[in-house]
Amino acid sequence: MAVTGMTRTNGLKKALPLLLPAYGWLTLAIFLPLSAMVYFSLLTTMSSTTPSLTLANYAAFFSDPLYAVLLLRSVKLALLVMMICVVIGFPAAYVLAKIFKGRAREAIFLIVILPFWSNSLVRVFSWSMVLREGGILDVVLNAILPFKVSVDLMYSYPAVVIGLVHSYLPYMVLTCYLSLQAIDDALIDAARSLGASRTTILRRVIAPLALPGVLAGSALIFIPVIGSFMEPRILGGRGGTLYGTVIEDQFTAVYNWPLGAALSFILLAVVLAILLAAAPVLRKAA
Amino acid sequence: MIRASAFLPGLGRFYIGLVLAFLYLPLVIMAAMSFNASPFYQLPFESTTHWYVALANDDGLIAATFNSLKIAILTTAIATVLGTAASLGLFRYEFTGKRLLQALIVPPIAIPWLISGTAMLIFFFGTGIGRGLHAILLGHVALALPYVIIVVSARLQTFSRDLEDAAASLGASAWQTTWKVTLPLIAPGVIAGGLFAFAVSFDQFVVSYFLATPGQTTLPVEIYAAIRKGFTPEINAVSTIIIVFSMSLMLVVSRFFRFGGDH
Amino acid sequence: MARVEVQNVQRAFGDHKAVDDVSITFEDGGFYALLGPSGSGKTTLLRMIAGFEFPDSGSIRIDGAAVETVPANKRRIGMVFQNYALFPHMSVAANVAFGLEVSGQKGKDVRRAVSEVLDLVQLGDFGKRRPHQLSGGQRQRVALARAIVTKPRVLLLDEPLSALDKALRTTMQGELKRIQREVGVTTIFVTHDQDEALSIADQIGILKDGRIVQSGAPEEIYDRPNSEFAATFLGDANILDGTVVEGRLRLDNGAVVALPLDSTQTSGRMRCAIRPERVRLAVRNAGGRAEPGATVVWGTVRRRLFSGSFSRYAVDCGGSELQAIAQRGATRDLAIGTEVELSWDRRDLIALS
Chain A
1 MAVTGMTRTN GLKKALPLLL PAYGWLTLAI FLPLSAMVYF SLLTTMSSTT
51 PSLTLANYAA FFSDPLYAVL LLRSVKLALL VMMICVVIGF PAAYVLAKIF
101 KGRAREAIFL IVILPFWSNS LVRVFSWSMV LREGGILDVV LNAILPFKVS
151 VDLMYSYPAV VIGLVHSYLP YMVLTCYLSL QAIDDALIDA ARSLGASRTT
201 ILRRVIAPLA LPGVLAGSAL IFIPVIGSFM EPRILGGRGG TLYGTVIEDQ
251 FTAVYNWPLG AALSFILLAV VLAILLAAAP VLRKAA
Chain B
1 MIRASAFLPG LGRFYIGLVL AFLYLPLVIM AAMSFNASPF YQLPFESTTH
51 WYVALANDDG LIAATFNSLK IAILTTAIAT VLGTAASLGL FRYEFTGKRL
101 LQALIVPPIA IPWLISGTAM LIFFFGTGIG RGLHAILLGH VALALPYVII
151 VVSARLQTFS RDLEDAAASL GASAWQTTWK VTLPLIAPGV IAGGLFAFAV
201 SFDQFVVSYF LATPGQTTLP VEIYAAIRKG FTPEINAVST IIIVFSMSLM
251 LVVSRFFRFG GDH
Chain C
1 MARVEVQNVQ RAFGDHKAVD DVSITFEDGG FYALLGPSGS GKTTLLRMIA
51 GFEFPDSGSI RIDGAAVETV PANKRRIGMV FQNYALFPHM SVAANVAFGL
101 EVSGQKGKDV RRAVSEVLDL VQLGDFGKRR PHQLSGGQRQ RVALARAIVT
151 KPRVLLLDEP LSALDKALRT TMQGELKRIQ REVGVTTIFV THDQDEALSI
201 ADQIGILKDG RIVQSGAPEE IYDRPNSEFA ATFLGDANIL DGTVVEGRLR
251 LDNGAVVALP LDSTQTSGRM RCAIRPERVR LAVRNAGGRA EPGATVVWGT
301 VRRRLFSGSF SRYAVDCGGS ELQAIAQRGA TRDLAIGTEV ELSWDRRDLI
351 ALS
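Chains as they are written, first to last, in the numbering used here: chain A, 1 to 286; chain B, 1 to 263; chain C, 1 to 353.
Careful: at least some of the hints might be erroneous.
Stated by the list, open to error - Calculated lysine-lysine pairs in the DSSO-like style (CA-CA distance at most 27 Å, straight line):
(1) C:17 x B:180
(2) C:106 x C:151
(3) A:13 x C:128
(4) C:108 x C:128
(5) C:128 x C:106
(6) C:166 x B:98
(7) C:151 x C:128
(8) A:14 x C:74
(9) C:74 x C:106
(10) C:74 x C:108
(11) B:98 x C:17
(12) A:13 x B:98
(13) B:229 x B:98
(14) B:180 x A:13
(15) C:17 x A:13
(16) A:14 x B:229
To be clear, the hints were calculated from the coordinates, so they are not data collected in a lab.
Predicted model, so just to flag it, every value in this text is computed and none were measured.
In isolation and in its complexed conformation, chain A is listed as follows (with noise of 0.2 Å):
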């Protein structure tokens, strides 16, 4: 019988115990920083003496169009890694779910995952003596091909998008993964029994199964990317300007942190928007 009790119901004064030091943190690291950068975006000045309050940081952005063009740069950016990500990741998913088995299959899981704990930044920088000038892509072409190439792809765009890619390709996988892992072998069986052909049991049956986890796994590699700064530093040079990039600087060198805290709430907003605006897509894997 589903009976919940008393101990259960209005159980807040129990609860509060156990809930209070975690959310108070939550509240203190978090929720409250938010809210403070909602109110120092509307500040005209850091100085404390004599503030006021303004909509000019965020007129900047509309009245500077660079701006926003960086900031469709960063969506567009985000937007690419995350379906290479799907592209590459999915079908190693699948491979890794469907056709590996038993211990093999747990072992070469682990060792796809386990870049995700070594340091991301570590993992960006190693690209940088692949890609560049001299760099071992560069000498193994040469040493390979009869003719002479001049292979430099450090601090460009395709650079970022590659150590991007392989920073946030092991999220792909692992959330493909683990729906992928979910379907019923015999779901597929059934299928086949059916009549269905490989291409419409892909189709029919285990992308919309499998979706959730696509989903989750672009989430995870989307909102990251659009903030991203670090990244395009190590690896874009100047092709590297991105809205993250923009936003670190009005935080680190330019010093202007109320219209850094305006830029920053207003890729929030488009954030939420884009997670809005998938929310029904969302709904409807879940």
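Assemble chains B and C onto chain A, guided by the hints.
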């Protein structure tokens, strides 16, 4: 199907091999370069341990490494305890506003770290909490807490409330029930949550970056500064050590805990 | 050992009254079954006695002391859960020792108590096993051992046998009864299975919609149910509706039968019940004569359900159907379509309120 069944697995294995090569080759090359004598990463390869020796004398990097470890360990301890307690609170009791509290777990994960980091910078600066290691710890725990709560709560879904009732009927106090029954049974979830917390903190660059001060910094922040100044194989050496350290830690742990498994 | 008194206890979940003004006393050492369909409030009542739920109003006393606000771990009760709730990370012995250890007992005393109680449930050699290495029946015994080793004042069982197959359930019913007698603890047993309640309990309380509709000894409730619900939920019953006319009962199908023996009603509508096994069947005009005092109704056999030692007949009597059970051997099997006469002793006819 029978014709394809021999071919596809072979293709699949080859594909996995490619993906693994993509994931690991840069790391292998970077590690190899830490043993190469040329400060400009020139080939041919000439073996040396010079960069590791140089690293051993780099007080700044060593201090930053210890800061990173200290903060990761503290974050793991605090986030695991607070997160597990919160999960138990959400699991055991019904009250109005519970769904709101559960929903509040999402923002810290769903908001780009760039935004959380800059928001913390503004707030900590404005309230006098200031920047430095204490601020970094404050931030890391907040970022790690949602992961712990999610993982432990997922584990609690497999835990039967009857077990807590049974313990109570046998005279166990709430405290005894928690320690002798609940925690031992959700331990895999708690350990997994702790691992996430450690990974979030030890790998954390963005938030640390905004909250660090010159004397009080973590390893990723220090590496970032070094990379932007112009890199030397010393960075390869320290990166190699980090990778070997974190990956071995995970390998050891994974022997005790199967990912996503219920063992 | 203890007497449990429940007085005017109410418990609502939102608008739903799970337990609605229940009063019942469980005497010291008795074996009680709370019987009812799901949603009848029997589990909520049990959980309030255990201390997992608390009444909105009313009182619960154990040994005369009010306990309705005392939490479960202070009530000194023992409980066996539907799915046993054995601690999967502990051995059988550790499970059984748990209650002793949390109360501060240690060492030799605990070990002796554990091995005694495991012997009592015939699992003496299983102390080192883990719960998942045991069969359902063995887990059941461990759960019982764990609940009684602390010498609880009351033993509560929440549908403890429902997860077992039928043969094992019968064995365990006997076992439970034996162990309860040996230990002598006041026992309250929740079940939705009428056969289980009948065979195991000294006293039965039937619940419906949060209220106790009847309580008493199994034979008493079975032979003298006070309502259609009690009559049909505990065993099978033919329900007969009719009108009292001139000291006889005219059934709605036209037959006229004798009033129940204890009826004092002289007019108006009346509802009665007769147990199928109390209905005698004979081929019509076979020459056999109904016993004096018996009531006769004629009908046609519609269906026969063969159950080995007996057969169950559905007989059409002028539009309404009556069930009758006939021991094979005592009567010869009747084919479908056979014209029969049904008779019963008026003492077996039960007037329902």
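(request) Determine which of the earlier numbered hints do not hold for this structure and return their numbers in increasing order. (result) 1, 3, 6, 13 and 16
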